[in-house]
Amino acid sequence: MREYISQKQERFKNMTSFEKQKLFIGTTCSVLVLYVLRPLITDYVKKAFKEETVHVGLSDEISSQQGNWIQTKNLDKLEEFFKEPESNIQKVAIVGMAGSGRTTLAKRYAMHYEKKMKEQPDRIRTVFFADMRDEDTFLHAYRKLAEDLGVHVPLAAQEEVIIKKVNKKLARRPYWLFVVDNVDAKSYEKLQKFFPNNKKGKILLVTKEKLNGAEPFDMQSNTLSMQEALDIFNLNLGDDHWALKKANNSKRQLASELFYLPLVIKQAAIYLKDAPQDNSFDASIESYVKRLKEVAGISEKVSLRSIDDATRIIKAVHSLSVEECEQKQSESKALLSIIPFLNPYFIDRSILQLWFDKHVGNTSLFNPILDLLESYALIAMDGEDGWEVHSSLQELLIEKAEKQGVKPSETLKELLVFFRNNFKLDMRFADGLNKTKAIENQLETLLRHAEKYELQEELKPYFVHLYNVLGNYYLQSNNFFEARQAFKKSLKLVKVQINHTTAEQICDNLKAHKELPALCAQALHYLGKVYFHTQGLDQAKKYFQKAIDIQEVITTQRDGYDNPNPFDFIVFQRQGKGWALLEGDKDDLLQAEKLYLNLFKQNPSMPAGQRDLFNERYCNIQLSRVYLKLAQQEADKEKKEEYYNKARERLEIGGIEKGVPFQGAIQMMQQYVRSGEICLMLGELYLDKDCPFGDLGKAQDYFEKASQLSKNDLMIGAKSKYYLARLYLEKGLSHQAFKAINESIQLFNKVGGKGLTRIRPKGFYEAVKIKEAFRNDAPLIL
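In this note's numbering, the protein residues as written are 1 to 782.
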């Protein structure tokens, strides 16, 4: 036995590095699982019997807001509502108008509850804060809760299944708090099924109307005290303001005139900060109230409190602030013109920047105008790159525009045209992907405005295009649930069902808008890509084919239809049909070869005599994949070698196909955004254990080059680092290997950002296995 082992060791010593690589790669995966995953399995078993405690709390965004809040007695009053016997779920609704401080009170209570739970370490914290302004926003938050609780949420998970699993988790952590903002009677009914079914939790709803079954906490009956109102006024006036300790009685009187509404007290204080010191602050407040009455349309002798509708007071306060901003900087009108139509809860800075650049041109004024609007509390920062506005300001701005003869419907149409022109479906460049993120919160809001002004039919092509763009953004981010929702929204808008409907019928049904059939085909194709990436190959094929069928109808009836992107027909075949064939057996691979060889020829969408280098490169890369797979499946030695050589020709050295010479993809790499992919494929080819011209040195060179060329392509960079780690390990360079595998995992983690339904690439898990082997000193056999 010893002699046998000694012989094996001697033989291993005499192997070339390439022979060692063959031995390593050829070892069965079962050995890898036994050795590498041994510590992971042990750890998993331990956790199975003792689950780790994971607290679920408020977001940092909510926690960061508390510095702007004044403590009020309403928090104590609200807590009294929750002091009933704990045998029943306690459900309280904070009822009040917008601007009454209802949402702030709900957030304060949630923070108070979370703090109280932290003081009781035996209790597991579960604080859930969501917004019901639309169903999708709430569902997104609920899926996030499920994942935070450790519930696996696959793409196809049914709502009922997720709810059942969440409730099962909450049964073991009964002291939960559910807070839901912007609830109305209609959405309240939809919420019922999401409320947990154990008895010790609390439900807090924020609404403008009483809700059946929820104890009302009426903000109108629980207004601010005079002192609380004064504190809010002085907080916004500023600690160093000359009138901080002056005119307190006038300040209290102003708060009373303003219905003790926190929002307008804050705005009034900010407006009055600029009051000149040569006047008494009492006189400035008196003048301000006089102007408010003029705007509200009431007599100077009548109190503002005589107005039945407090929203008129809110709008009057907004109106004076808007007027002041427009007088100080007339260019602010450009931004104020579109704010009414955007999502008030989050407006991406880049949207405002793009609009401002187009309509004003002087980009140096953009930041000063944002500062001006923020200083008057017309907009407020939300995160690093977002802004929020109050819905009452949006209503005021629309009313103001109408009085000036500007039709809101025309502004809305202009805004949709602007979005269509600035957000394209082609996002091969990283900046295009980041730019598109700006619209992810806007489309539902814009669609509601279109319905309000009865423009949904006229603007349908714009919305379908934008939902397709948004869906593709999610798709490229590996967030497949959101991508599927966006593409399904497109198809819902055009009322398309692909079952039992031919391509001709779909085109005929959409002929009122000549570009809609092509946009519909895009939605179908990209929805197919969603299913392709989530193991729904049969479903993917169905969508891919229908998209191609529609494009064929459009191509044969050019006079009847418009094609916004004439390259779609070839893209749908390259990325749809071709991808599906690459997943099949040998017959499918041979069909894929035929398809890509045909597509490699002159692109019919290109002018005669012009080469489409992008198409040639793409087809070459795909053909190399076809030939590599055929080689790996082929038993005949000569045929196998032929396929390997064909793969190299398509990637590296070029060749001749049916008497026509062609270049290798690497020879056409210049200015190709995914040039790293070519080097990655070459590295994989030279690394293949059966490749007759395999060369570990060349493989390493190509992987290193792929990594260098992929600064903006995280996936290729991650895969390159993974392969480099394997090669470094083979050479015994453990330090370089550990560094490369860490970089690989970091890049894999960045792919797709932090989307809820991101599906990690397969290579990520392989990289983690290698890192865990390092961490646990486990033997590593690749």
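Everything labelled a hint here was simulated from the structure, so no lab data went into it. Treat the hints loosely; a few may be bogus.
Claimed, not checked - The calculated label-pair distances, taken between Cβ atoms and stated as ranges, are:
#1 K358 with E119: 32 to 40 Å
#2 P607 with E399: 34 to 42 Å
#3 E440 with E119: 34 to 42 Å
To be verified - Computed list of lysine to any residue pairs in SDA-like fashion (alpha-carbon distance at most 20 Å, straight line):
#4 K601 with E552
#5 K245 with I270
#6 K83 with N198
#7 K107 with R133
#8 K629 with E552
#9 K488 with L537
#10 K77 with K91
#11 K452 with P408
#12 K107 with M97
#13 K144 with D134
Note that CB positions come from ideal geometry on N, CA and C, so glycine has one too.
The hints, checked one at a time:
no.: 1; hint: K358 with E119: 32 to 40 Å; in the structure: violated (53 Å)
no.: 2; hint: P607 with E399: 34 to 42 Å; in the structure: violated (52 Å)
no.: 3; hint: E440 with E119: 34 to 42 Å; in the structure: holds (38 Å)
no.: 4; hint: K601 with E552; in the structure: holds (18 Å)
no.: 5; hint: K245 with I270; in the structure: holds (16 Å)
no.: 6; hint: K83 with N198; in the structure: holds (17 Å)
no.: 7; hint: K107 with R133; in the structure: holds (16 Å)
no.: 8; hint: K629 with E552; in the structure: violated (30 Å)
no.: 9; hint: K488 with L537; in the structure: holds (18 Å)
no.: 10; hint: K77 with K91; in the structure: holds (15 Å)
no.: 11; hint: K452 with P408; in the structure: holds (11 Å)
no.: 12; hint: K107 with M97; in the structure: holds (16 Å)
no.: 13; hint: K144 with D134; in the structure: holds (16 Å)
Going through the hint list in order, the structure does not satisfy hints 1, 2 and 8.
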